[in-house]
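Undergrad: Fit chain B to the given chain A structure using the hints.
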Amino acid sequence: MSLNNIKRRKFLKIMGWSGAGATLAGCDMPTTMTVQEGKEEVVSYLSPEEYVIPGVGVWYASTCQQCAAGCGVHGRVREGRVLKLEGNPSAAVNAGKLCQMGQSALQTHYNPDRITAPQIRSNGALSSASWDEAYDLLKKKIGADSGLKGNRAAWVTGNVSGHQSVLIDAHMEALGSSKHYTHEVINDSVWQAVSKDMLGVANPRVRIDKAQAILSLGADFLGTWGSPVQNAVEYGSFRDSPRGALIQAEPTMSLTGSNADLWLPVKPGTEGVLALGIANVLMSNHGVKNIPSQFKSLVKQYTLEETSRITGLTGEHILFTAKTLKERSPSLVLAGASAQGHENGYEIVAAAMMLNIVLGNLGKTVEGGTQLPFSQMMASEGNTRDLLALADDLGASKYDVLFFYGTNPVYSAPEALKIKDGLKNVGFKVAFSMFNDETTAEADLVLPLASSLEDWGTHVAAKQGARSEVSIQQPLMEKIYPETMGFGDIMLSLLKMQKVDAYAGFNDYYSYLRNAVNNMPGFMAKNGGEAWKEAMQAGSLEVKGRSLNVSSKAISIKMSVPADDAQYPLTLIPSARLGLWDGRHANLPWLQEAPDQMTKVVWDSWVEIHPRTAAKMGVKEGDLINVASEQGTIKAKAYIYKGVNQDSIAIPIGQGHKGYGRYADGVGVNPLQILNPAVDKKTGELAMFATRVKISKAGSAKDKLVRMGGSETQVGRKLAATISADVFERTEGDA
Amino acid sequence: MSLSNLLGDWSKYRKTHEEGGFHDYEHMWGMVIDLNKCIGCNACSVACYAENNLPVVGKEKFEKGQAMHWLRIERYWDEPDLGESRVSEYQHHGASYVPMMCQQCNAATCEPVCPVAATYHTPDGLNAQVYNRCIGSRYCSNNCPYRLRYFNFYSYYEDAWPAPLHMQLNPDLSVRDKGVMEKCTFCVQRIRTVKDKAKMDDRPVMDGEIQTACMQTCPTTAIKFGDMLNLHSPEKAQPTDVSQLWRKHQVELGKHTQNKQNKDLRGYRIHEGLNTDPCVMFLERVREV
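Just so you know, the sequences run in chain order A and B. Be aware that the first sequence starts at 117, since it is given in the working numbering, and climbs by one per residue. Be aware that the second sequence starts at 52, since it is given in the working numbering, and climbs by one per residue.
Just chain A, with the same shape it has in the complex (with noise of 0.2 angstroms):
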């Protein structure tokens, strides 16, 4: 291996852009880099320019980051300021549309809770700090002369990726750290776990707008699984002409599963026996004999009548089911939240995927997607198993020192972990945060961050769309607070603190960044070398990754279904939402005061309870209900419908905030506080769904439960007017 390879390798590391291999060895690369190249001048973009007029809004493309999706947007910029953000139309993963969270990225930016200067806790209160005194502390705790020992320090962070993700790796390399943790309440990790046992590919691209029949378990598509913008879109094109039919099973209506054309009640932890009876009814009814031979003896156990019976469904909804997703190929199968949220998730969601494998869905609407070139910069996709690795840790006192950025499991982890308690195990605490959160508030040093629309970045969405992507983040605007910075200006000093040579010619991110971008593998030979520009108009730069084949690999499982629990004999379901979604949107008014798409409540939790289950107790709209699980008990107001299953409660998270602003304080309650710490024993995910409740009167709420409308029918008023399938194709067929 000659000099020159060793510089190139160490320099592509550097840059974020190693493990791109063979494929891409051809380019030309440049071997070296003199310091000079690395201290641009930051120009700012929004001094003024010859197209810049006073009173015309400019648009500048970046990246959305209100959830991991990495939707590419625009943003409106006018004397100054941003004002308002839409899709970009060029982004593969959107292409121009934004969701609710998306739009109120303008909230999270101009809220008027923002931390604007470090604080450092003395005398057990946090207080206002200088960026001196905030790295002074940081030298002294973990610089290179802190005898600070890198086993000792970890990262918790939400998904993360692009340089970012290099950023880190690099200071914990630096450290000699080499715990990352990856926390998300709202994820698909049991599915990513099955994905890469039975087909090879732990992201597999699922083509919603190819298939002409869905069957989802629980995956709550249009709102909060997978990339949920991406998929809206693919939906629209599945609506059309021939309409693809949704049917969707679920202890409690998600968005998707308003939206369906059949929803099904199914009993929370039984998912995966209702996969096996539709294979069993496909076998025995339609001819199928392509079950894999693992599991034949368990689809033959399961029955019509005693999948009927498990289930809470009748037979004719699960012939039906049967009936459409054989007739109307390709079909698709999906799991989500609460389907792989039990102790038997894995073997749930092996169960559905197993459904993909009969009906021949691979290769037409369950696609291998694309391997992209750069391992480095690849997402780190939050789970649940980090959480409970973090808890168990604490309680070891593992740590000395614990950096948080994008997460906050002091709010989202079960009372049961506690967290609280294990992060007084740990000596220092750096927070980087945007606002004063649970997590936050425990911090020993918070590190005020800039906004997403302030900040640079780099984002690799782990569901990539229909091209591969690097999604460019650049800021819309200064920054409204001086004393807060950048994410990876953060990093960039934290790595100068440990003497980190390779990146001691970066004066700040935006330098780095470019370097990085115009040094990209692949990308040397378009504009003379120039990416940049390209990269800020696009919002993203094409990457050709290498397509990735599913290939079925059928696995052992076995079937098993919740007991039954007298004690406690209700299932609660705490639903996540496309709006306040873990609970870090809860500090926006506008998504506050946007109702809830299936109860219509405004500024509040609620407890959804199946009309009979409340006429057996005597509940009517707006009471007061004590939910107790073994962990402990909440209380919040009924809202009584039947979009929720009789041996289930739903509680929606978000809500309950302590300490994260004037918007979210005293707002509801947080049901994950009573979860139990039960876990899939497979991948060892929270089972979140899993926890059962009792529920009883606690009298009358102090506040009524506000909701919009007071009509839940249309009273013979055609306003929402719904005609059948086969009228639809009959008029707009080959629409």
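In short, the hints are calculated from the structure, not lab data. Possibly wrong hints are sitting among the right ones.
[What the hints assert, rightly or not] Heads up, simulated DSSO-like pairs for lysine-lysine below, C-alpha to C-alpha not over 30 angstroms straight-line:
hint, chain 1, residue 1, chain 2, residue 2
1, B, Lys229, A, Lys716
2, A, Lys798, A, Lys810
3, B, Lys112, A, Lys716
TA: Same frame as chain A, now just chain B:
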């Protein structure tokens, strides 16, 4: 008007389209909302808050019906309650969502009742609200069969946008003060911008050039917006997307009942029988069973 005159003209009054407003329209902005595609996700509604400086009113005022959502997603159930044995135990067919914004009626019931002509019809076929002229009688709101007019009971500029939230306010339109009625304008500021640009370029406004905020963000492309007037100017011989859809679904302006040759076509207008002549056509929701 005497009673005898009223009764004598009753049939005319009830059955024909109200004459009035502009007849020499420059444009006739209209919409098509496809309920087969609408998923009720709220993106349009929040986009509207962002574009049009809508204040967040908080829980107490929301309870009193003072929310300012120019575009709201109504949600209906087929059978909300349990009933006799035939009624299903669950919502097996999901919800029915209807995005509702001002229907920009051509025979708007809100217009004639305004004592100060603060609401009137523009040559664009829009039902406009002149904030400066509005005295807050609320007659228009009372007369709107769609309940799509929103009244400023408070001076929201005082506390609905605590700094620096106010920096997000769109300078292309005002923040309305206490005592003023407001409603969806079909993003008239965006229409204005594009019309001005077209005029400067000396060309007609192109179809698709104007996107309302709701349409632009809608993930499933359920909302379409465009000009329905393509008769008067020869350069518009190519009918717009929206006008084609109206024609395809055999829904015509200026009627209170549609004489559809194919009754199964999905297009319909809400409360059309009230003779309001709305410019928003909905396409029926579709369900498998």
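Undergrad: Please go over all the hints and tell whether each is borne out by the structure.
TA: Results for each hint:
no., hint, in the structure
1, B:Lys229 x A:Lys716, "27 angstroms, holds"
2, A:Lys798 x A:Lys810, "28 angstroms, holds"
3, B:Lys112 x A:Lys716, "15 angstroms, holds"
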